[in-house]
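Keeping their order, the protein sequence lines are chains A and B.
Per our numbering, the very first residue in the first sequence carries number 130; after that it's consecutive.
Per our numbering, the very first residue in the second sequence carries number 1479; after that it's consecutive.
These aren't lab readings, by the way, just hints derived from the structure by calculation.
Keep in mind that the hints are not guaranteed to be accurate.
[To be verified] Simulated DEER-style distance windows between Cβ atoms: (1) B:T1683 with A:A472: 53 to 63 angstroms; (2) B:W1765 with A:E156: 56 to 66 angstroms; (3) B:L1589 with A:E326: 55 to 65 angstroms; (4) A:D231 with B:A1681: 51 to 61 angstroms; (5) A:E156 with B:A1596: 51 to 61 angstroms.
[Said to hold, decoys possible] Sample of chain B residues lacking proximity to chain A, with all beta carbon distances greater than 10 angstroms (derived): (6) A1542; (7) H1553; (8) G1651; (9) H1709.
For clarity, every value in this text was computed on a predicted model and none was experimentally measured.
Just so it is clear, CB atoms sit at the ideal spot from N, CA and C, and this is done for glycine as well.
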Amino acid sequence: MDTSRTYDVLVLGGGNAALCAAITAREAGCSVLLLECAPKHFRGGNSRHTRNLRCMHDAPAGVLTDAYSEEEYWQDLLGVTGGETNEWLARITIRSTAACRDWMHAHGVRFQPSLGGTLQLSRTNAFFLGGGKALVNAYYRSAERLGVDVSYDTEVTGLDIADGRFRSARVVRDGIEHVVRARTVVAAAGGFESNLEWLKAAWGSIAENFLIRGTPYNTGRVLRMLMDAGAKTIGDATQGHCVAIDARAPKFDGGICTRVDCVSLGIVVNRNCERFYDEGEDFWPKRYAIWGRLVAAQPDQIGYSIIDAKAIGKFMPAVYPPLRAASIRELATALSLDADALASTVSRFNAAVRPGSFDHTRLDDCATEGLSPPKTHWARPIDTPPFFAYPLRPGITFTYLGVAVDERAQVILQHDRPADNIFAAGEIMAGNVLGKGYLAGIGMSIGTAFGRIAGEEAARRAVA
Amino acid sequence: MPSLKETKAIAPVLVAEGVRMARICNACRYCEGYCAVFPALERRLDFTERDLAYLANLCHNCGACYYACQYAPPHEFELNFPRMLAEIRGASYRKYAWPDVLARAFERNGLVLSIATAAMLAAFLTGIGYAAGGSAFFAAHPDAEGAFYALMPHAAMAWLFGVPFAFAVVALGIGAARFWSDTEERSRDFASAGSLSGALADASTLRYLGGGGDGCTYPDDRPSGLRRTFHHLTFYGFLLCFAATCVATVYHYVLRWPAPYPLASWPVILGTIGGVGLLAGPAGLLWLRAESDSALTSPRQTGMDLAFLVLLILVGSSGLSLLALRQTAAMGSLLAAHLGAVMALFLTLPYGKFVHAIYRFVALVRYHLERKRPLPEIASE
């Protein structure tokens, strides 16, 4: 970090989108400074927890099987967002994924076939060899080789923006404040999911009980500064990716391994031992996306997934061992729940289960009758000891409230005027494309597409 | 000093830590493409001591998974998978060693190898010097024919080396059998179709030092092919030296043609190329090890790794020096030094780093055997 010079491009953030922007701008001949607020060990924002990116392709390509057309991709996105998307920006993202793997490969990223247990993603998602941290490591090596200046542990405390024009950033490193000047700035500093105060402002006090699956460094500071400087926002602060994860997970940074995938194999009760939603409604992608919110709506924001011995070995292994007991009553005691209430819920559920042929690979005919809420698939009596339980909490993966951008990744100000030299990429603007719902791997698609666009456009603006 | 029972057991606290880490890996799975360890791990829903010993012996300790790990320290999960496996691997060498009492040799292996080497050098130098008498020991041999056996009769040499070598083969074989039986596989499945050939192919190409394509991350966090190159030099150098010895044995007993052999003969050609490999390979591996990330290795293992590499260099360099100077007055001392180094190697073969080759191979056979079986039927995400 050289405070005596004026950089062509200043990149705020250190994850996938930031690195794509920094590398692209540097390759266009610009001087680039990248500021990562995390220490080197925790660099990469939430990209370090990712594992793949969703790619369109017209024929089998590398690790991707079959074909996934632009139209199918778009329809999938339209489906999950319910229209909370900008088709123009979405299609730019989708199209860019057709060729971006070559660019990624050239910058050190390697791919692997879809991981064990994720076969249904083999057509649509290209997995990174070693996961997102390996990708981030490859990009940092690439960036450093190209001559991008990287400064870790560097927090942005203020942006000097006047009339939509960025001039400099105030930053703090090792407790000392510096001013960094640059001709253009790319904001790629993620969302605000690790800012508990902001989450509480949006969700109310229940947010106290949320776990944050990703980096503790996504405090939304840069997002807030852009909003204060007049950037137009997109999305709603309560929208985000919220998953039911193991309640024993760390407060921050538990990543992927804290997910629990046995909801559909048993029942889920709240702290009053009541069921509250159809556990057998749909497959994992839908389940994954809705159960965090469902648990968030329960008292104390906690749920308990209860299964019996029949379910063991039938779902993705969980990181923590389940609580285990010889009877439902003992299980209730282990969970500090009312034993009578849990036994009664389980026996009512068991009595409502109608015979069927269980098949976890399809929406089978095992359902309950006369029970509210029903369990419409995969319903089998919970009657085979030992019994097991996983406590569940809402886990926030990322947030969708962001700044509006145009197709050049330029930040849009109030009155729909693009900011002169301010660009945004990654989670901070992902809400433009994914305003609601979730589609596996699209976050990295948006970050890669708009990271590269932001790098290119910032470079063009810097030399103009 | 730990009791023999403690020496032979894999410490429960280490097993518990291994189970904790393997559960994290099994729930994450991002490293699946790096090597055989992760696909093998994913076949299991829970982990026992024997599973961990198996996984540990599939691991090359390259660090690819460590550098890619979102849970590596300073993350609160403190997931240092390669280092944990290195510790389990070391413990598994002690566990399977035969006879039990010699498992203690793994406790302070660097020291054990150094003492064995020094003792053998001293024994051969003084023994041959004393037996041959000063004038013969320090005489030049311009026409090398039969010169080695003037200092030490061939029959004596054959017995002296044949017996410890045969013992080493038996001890290594029993260790391998103990490991295989601990995996709970049937003994006849060891030689089942495809498993043995698959393991041979992987071992001979060092497939899993490929790091999924660009080389493994060793000695630092950048992918590199150096370790595989140096390991190949070492391994094939070792094999060529062994082949040279075998050819020479045939020459001696079948063709009645005593050593030393001319420069253009097979024993000399094979031995020379092999010797160069045994110099360059271990030297390169020593250099990489000096550069390597200490976070990944078990400190208990450093002595074992270094002593074995140094001993190989000693075998290679004394052999090549003997070849170069066999017609000079230094021949006697160099012959004694070479024989001493080889004897130290033979004696410690089952009680040092060499065993990794055996156990890794057995683990690879198991890996190929398992691959033919169906995966656990877990619901797809």
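Consistency of beta-carbon spacing, A472 (chain A) to T1683 (chain B), with hint 53 to 63 angstroms: The hinted range 53 to 63 angstroms holds for T1683 (chain B) and A472 (chain A), with Cβ atoms some 59 angstroms apart.
When you look at the beta carbon of H1553 (chain B), is every beta carbon of chain A farther off than 10 angstroms? About 6 angstroms separates H1553 (chain B) from the closest Cβ of chain A, which leaves it inside 10 angstroms; violated.
Distance restraint evaluation - D231 (chain A), A1681 (chain B), Cβ atoms, bounds 51 to 61 angstroms: violated (34 angstroms)
Satisfaction of the hinted span 56 to 66 angstroms by the C-beta atoms belonging to W1765 (chain B) and E156 (chain A): Violated, at about 34 angstroms.
Against chain A, does G1651 (chain B) keep a CB gap of more than 10 angstroms to every residue? holds (34 angstroms)
Is the distance from the Cβ of E156 (chain A) to the Cβ of A1596 (chain B) consistent with 51 to 61 angstroms? holds (58 angstroms)
Confirm or reject the claim that L1589 (chain B) and E326 (chain A) have a C-beta distance inside 55 to 65 angstroms. holds (59 angstroms)
Grab the minimum beta-carbon distance between A1542 (chain B) and chain A and tell me whether it stays above 10 angstroms. violated (7 angstroms)
Please confirm whether H1709 (chain B) is truly not at the interface, meaning its C-beta sits more than 10 angstroms away from all C-beta atoms of chain A. It holds; H1709 (chain B) is separated from chain A by about 22 angstroms at its closest Cβ, greater than 10 angstroms.
In this structure, the hints that do not hold are numbers 2, 4, 6 and 7, in rising order.
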